[in-house]
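Q: Chains L and Y, in that order, are what the protein sequence lines are. Residues in the first sequence are numbered from 1 upward in steps of one, following my numbering. Residues in the second sequence are numbered from 1001 upward in steps of one, following my numbering.
Worth double-checking, as some hints may not be accurate.
[Unchecked claim] Dumping the calculated DSSO-like pairs for lysine-lysine here, alpha-carbon to alpha-carbon at most 27 Å:
#, chain 1, residue 1, chain 2, residue 2
1, Y, K1095, Y, K1038
2, L, K82, Y, K1254
3, Y, K1171, L, K75
Hint data in this document are derived by calculation from the structure and do not stem from the laboratory.
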Amino acid sequence: MIMKYEVVIGLETHVELNTKSKIFCSCGGHSAAGDPNTCVCPACSGMPGMLPVTNKKVVELAVMAGLLLNCEISKYTTFDKKNYYYPDLPCAYQITQLNHPICTNGCVPIKTSEGEREIHIKQIHMEEDAGKLVHIGKFTNVDFNRTSVPLIEIVSQPDFRSAEEVLVYLNKLKSMFRASGISECEEGAMRCDVNISVRPEGSEELGVRSEIKNMASFEAIERAIRYEAQRHIDAIEFETEELVQETRRFDDATGKTFAMRDKETEADYRYFPDANLMPIIIDDEWLNEIKANMPKAIDEKEEMYREAGISEKEIEMLISNHNVSVLLDEAVSKGCDAKNTAAWILTDCAGILRKNGKLLSDLEISSDDLVSIIEMVDSGDVNRQSGRKILTAVLEEGVDPVAYCKENGLDSKADESVIEGVIGKVLAENTRALEDFKGGKEKAKQALFGACMRELKGTANTDVIRELLDKKLENL
Amino acid sequence: MSEYVVEINGKGDIAVDDMILVKDVEAKAGSRMLEGFKPLFTAEAVKRLEEKGYVISGKTNVGEFCLDLVGEFSYYSPAEGALKGAAASLVAEKKVKAALGVDMNGTPRRAAALSGVDFLKPTYGTVSRYGIISCAASGEQVGVYAGDVNGIKEVMDIISGHDEKDGTSLKDDTYDYSTDADVKGKKIAIVKELFEIADDETKSKVAAFAEKLKAAGVIVEEISCDFFENANTAWQILMTAETCNNVSRYDGVKYGHRASEYKNIDELYVNSRTEGFNFLTKAVILYGSDMLSKNRYEECYGKALKVRRVISERFEELMKDYDAILTPVCSKSSYEAYDIKEAFEKVFKESIFTATANLIGVPALVSGGVQLMGKAFGESTLLSLAGSTEKEGK
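Build the full structure now, drawing on both the sequences and the hints.
A: Right under this line is the structure:
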């Protein structure tokens, strides 16, 4: 009998908050970029004498995130210090929340091909980011621009059963957070630790757990989950190795996970309350104020799609796939019709992706490329079938749509001479049909048209063929 | 022992101990670890004095991170002769009008008692901690040395009050310190348990102070109160844990001392810190880090936090019956030189007189070589009580 296995996954998702300043000082906050160490002050570079003062906006955005994820909002919340030495951590401790996190007990409904499920949220806590190490030759340099950039960490219960569910959840968080201004969620601003174990289907007991640390792309998360689940199944099924609870990293190049050194994993972080920061009291008045200021962006977006005539099912797909709704919005802002564009994305793009074993969340096409394909078809330069051919090439090979169209003779307008040539050839070869037409048989025209289409292999615009054919026949 | 670390202006009014930052003036906290560190800003308390026209005369030496008895273990001047503390000595010699010091474990109070000057550790949260080299954030406070209570009032009126740059600074902005409130009929208590462990000379200082108070119409009673030892143990746990955490930023990476020999980042940390910290700081780091370790946290740090709450309540109870507590500050009226390897135990033991005020944040005033402790925001009572004895003395 073949044993069936169930994958059990919990996520810790770090999201960079979209604030003007850092979490405990007035240095520039979100995407504190620029030249190394240009966005630092004595506080976020760990000099003595500076004291942290909590950025109110961070608390408000964390509360908003909690509300979106249906959490209980703590009335009393405190910061703790987490101790470890690393050169990118200037104070040798990170300010985070252990004992009294700002939000607890939430839940996120998700919809996948398997149906609807609820992912429970254990807690959301606020914390500061660390800096970056930059290796140049044999030297290592420290850049503190990112230290103390505000983060929230969303800790889920082990409720996920597949990589697909994880991606749907992450995309949902992403679109909610972007729409409500909590985070830009761009590459690197959303990082995940994945806890994963495998057990025989039907078993209540959890298997041995691996934690895969710090992955910044959804693609990596998906690949890591698939690899790790298979590694666990092989270990159980074929006894390829003995599973131990450990922290691992995912190597993007090999597509494999590997165990981190013990030294990195078995640290005692000696958490304790941060005496420099007084407990934060979130009373009803403040909570209501935050609620009142929450953008209704998602609802508004849904309404906008509805008004454009997009179906409910399509709206659902758009909202749960952040990248896709952004693509649609961009295309619309560049002059495309919303309903038509939605069809291109959700039918054509999705179909091509499916053929390649990919999900809609994997869709990668610039709005410029998509817009240029839609425009080519709408203007009649290219027929729908050719449009889809171009789209396939763009998605599969990453070609430039206009150049591809030209190179493959799909551009009917530019090649009227080609069509005229074909018409001439068809008329010369189908003398009988031509005679019939001359004799007054309208049907014969359709036969000639069909022959032209066959000759052109469906690449040209049918209206143009018909027009040119009519012209030719009239002038006989 | 009264040497400057840095002289800014020899003719100034105020000395600042080297736990407090003055922009561009090297700040070393008595430690090799901070060698060469020049702060980019001035501490709030100092800034407020400068804005009122006071001139800072210089930075005074301290023992490494103020962890010792009175300043005997600075990297920059080895212990010699009488141990009285640099800032306190300057005030005693009338070279400055007043001085600022950080009271984290009673060091400035002991120095003031041994030098014969006054020192006030105010209620926690009344003076900004912005710009002090922080060790034990939950109980340290900037205090004032002066020749008498009026000198303390003069400085406290300026440096106290809310500072938004310090999250622990209290919102209250109106501290009105008085030194001459009527003390007649006030009740103070001498704590038997603390009185009895002091030497005869110290005992006689306490007795003499009590006599002066009685002469001013104050009622003096002797009471038994058993929580001081537990308060000290709790504070040493919290203080060492917080200090261990706060000095962990001195890692040789960013500023201060860096070892010349290292092969990798771990060696850079270990060698720099091994060379940069003295024996006492290392002992505090080890002790404090043990208090926070996963296996010990609940029984040590967690328990100390609970003890803090209980003692705070018990002290409040006590202050319903008394206006102040009178205790010794040190067990002796002078300290002799000793080996740094004994320092951890010695300071621990000696802090029994001072730790309660740090633990629960209440004010403590040293005057006439003794200590008066009061309830939170009770500074005026303490200053007036001591003031009455100082008037008598004139």
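Q: Check the hint pairing K1095 (chain Y) with K1038 (chain Y) against an upper bound of 27 Å on the C-alpha distance.
A: 25 Å, holds
Q: Assess, step by step, whether the Cα of K82 (chain L) is no farther than 27 Å from the Cα of K1254 (chain Y), and give holds or violated.
A: 20 Å, holds
Q: Between K1171 (chain Y) and K75 (chain L), is the straight-line Cα distance small enough, at 27 Å or below?
A: 21 Å, holds
Every hint, counting from the list given before, is met by this structure.
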